[in-house]
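Assemble the complex: chain B is given as a structure, and chain V must be docked to it using the hints.
Keeping their order, the protein sequence lines are chains B and V.
The numbering of the first sequence is the working numbering, which starts it at 1 and goes up by one.
The numbering of the second sequence is the working numbering, which starts it at 251 and goes up by one.
It is worth saying that the hints were derived from the structure and are not from the lab.
Note that the Cβ used here is the ideal one computed from N, Cα and C, for glycine as well.
One or more hints might be untrue.
[To be verified] The list that follows gives simulated cross-link-like pairs (lysine-lysine, DSSO-like), each with its CA atoms no further than 27 angstroms apart:
| no. | chain 1 | residue 1 | chain 2 | residue 2 |
| --- | --- | --- | --- | --- |
| 1 | V | 295 | V | 382 |
| 2 | V | 357 | V | 402 |
| 3 | B | 31 | V | 345 |
| 4 | B | 136 | V | 351 |
| 5 | B | 136 | V | 402 |
| 6 | B | 31 | B | 136 |
[Said to hold, decoys possible] Distance windows between CB atoms, simulated:
| no. | chain 1 | residue 1 | chain 2 | residue 2 | range |
| --- | --- | --- | --- | --- | --- |
| 7 | B | 78 | V | 284 | 53 to 63 angstroms |
| 8 | B | 100 | V | 337 | 37 to 47 angstroms |
| 9 | B | 170 | V | 282 | 50 to 60 angstroms |
| 10 | V | 282 | B | 116 | 10 to 20 angstroms |
| 11 | V | 337 | B | 161 | 48 to 58 angstroms |
| 12 | B | 161 | V | 340 | 42 to 52 angstroms |
| 13 | B | 32 | V | 324 | 22 to 32 angstroms |
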Amino acid sequence: MKVTIHIWDLPHRLFHWLLAVSVVAAYITAKIGGELIDWHGRLGIFILGLLVFRLIWGFIGSTHSRFSTFFPTFSRITAYLKGQWQGIGHNPLGAISVIALLTAVAVQVGTGLFANDDIAFEGPLFDYIDKDFSDKLTGLHSTTFYILLGFVVLHLIAIVFYRFVKKTNLVKPMLTGKKEVPRALAETLAPEHTTIAFGAVRFILSLIITSTVVWGVSGGVTQLYPIQNQQQAANESTTTTVAPPAPSSF
Amino acid sequence: MNKKIPLAILLTATATAALAGPIEEQIRFRQSAYSFAAWNIQKIKAQVVDHPETYNKDTVAAAANAIAAVANSGLGALYGEGTDQGIGWKQTRLKPEFFQKKDEAIKIANTFNEAANELAKVAATGDVNLIKTQFGKVGESCKSCHDLIRIKE
Chain B
1 MKVTIHIWDL
11 PHRLFHWLLA
21 VSVVAAYITA
31 KIGGELIDWH
41 GRLGIFILGL
51 LVFRLIWGFI
61 GSTHSRFSTF
71 FPTFSRITAY
81 LKGQWQGIGH
91 NPLGAISVIA
101 LLTAVAVQVG
111 TGLFANDDIA
121 FEGPLFDYID
131 KDFSDKLTGL
141 HSTTFYILLG
151 FVVLHLIAIV
161 FYRFVKKTNL
171 VKPMLTGKKE
181 VPRALAETLA
191 PEHTTIAFGA
201 VRFILSLIIT
211 STVVWGVSGG
221 VTQLYPIQNQ
231 QQAANESTTT
241 TVAPPAPSSF
Chain V
251 MNKKIPLAIL
261 LTATATAALA
271 GPIEEQIRFR
281 QSAYSFAAWN
291 IQKIKAQVVD
301 HPETYNKDTV
311 AAAANAIAAV
321 ANSGLGALYG
331 EGTDQGIGWK
341 QTRLKPEFFQ
351 KKDEAIKIAN
361 TFNEAANELA
371 KVAATGDVNL
381 IKTQFGKVGE
391 SCKSCHDLIR
401 IKE
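Okay, chain V solo, but in the shape it has when bound:
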């Protein structure tokens, strides 16, 4: 009976890993996801913060939806065992301590999800001030995760 528990864990782990692919692939996918999010973040920054005179409701709403889609895509699956070492598009900057700080990271991930979904919601209203504030909150959640588990260059 007791022997079956480790086996079940092993099977689940293998299944999850198989779903996300080998280490390099997980790293590459998550780097791509964040790059794609960065592109959309830059669009919002440009039209809402830096040059509000260029604000376009549809572009910003589409960008916010894209960020929310990245946040909701289940990025956690790309942080499998061993993915603190390896090259995706380039060497990963995930700290090895990530695996000890997983609970904290999950908390931040949830904050990011909520912030990104809220951003998509306010972007649809077209209220630039609300978008600006909420955009700042998304940035804060990005930063808290970077501070926790990302290696500084």
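Chain B extracted, bound-state conformation:
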């Protein structure tokens, strides 16, 4: 006897698919470069927003989005290895995969914020560090991408494995939010009174915090607290704009 339960709430699912699409788009725009590098930067900021939201949602989202529900603790991992783990959301291995993927994306975003391409792109926080350090982080940004790629490939292999070997469809619940589980399991592990549903207030709160962080990182902080020499440069460039020197004169 199986029952259908709500497992992934709407913000969780939106986060997942938007992240997947933006990471692919970020990869493509980075590979092509040229005019699209600015879109790569915008996608990076958007992904930053998704990450911040996911972090907050991991504390105040619905039950199965919370880190405390699925965090791969030692006892959960041992139980899983012994084949004794029982649960509905992420199993401990899946939880490790989730954390690995989120961390790898965070490294890409973190390095990207300070990166430059030596052509016509600088991340929004480039001015806070010196060029040499930015070059190092840019190098990392392109190398550590392959770690993220590796995790994504493992993630996809796991989905195919579950579909055809374990006969479990993982994609459908991520689309519909609903999952069929044995009644007994649902009653022992997720009885109605222990599950926390999607809450509009908590969702709006998460969005407010997320947009504040994104606004700050993508230029708000620089506006409020201009970097000293940048301010001078800005003043100088204003002067040039008002009275541009004739190109022929020095």
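Below, chain V alone, put in the same frame as chain B:
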């Protein structure tokens, strides 16, 4: 007769090297050339892409001409044998594979030249949209060369 061919090659090579100077000098000159181009690229980026409200036709046209001048200056002469190792203003990031991938690099260099000359042409018209698109093409040619022969930090 056959002995004269290697000799001719050697003489040409020596002459070219003499023209461009020793290894360190070649590296230093090319680093300077790209830095100078970068300064001009930044000006166009600022006035055309990031803050179009600050666009100034003369400044952008002058910057585009400077980039084209760098592109047309015969930078290839600064990529002599042995210049994958050495310190100019700082350690060069030229990949040793450059010397095997020279044909490909020359193709990219030609694309860069054409793109930069076209940029100078459209910058003179003052059509910001055209400049923006062409500026992107110049950036693409920079990137394809970086991807091919430049060591990542």
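Failing hints, ascending? Those not satisfied: there are none.
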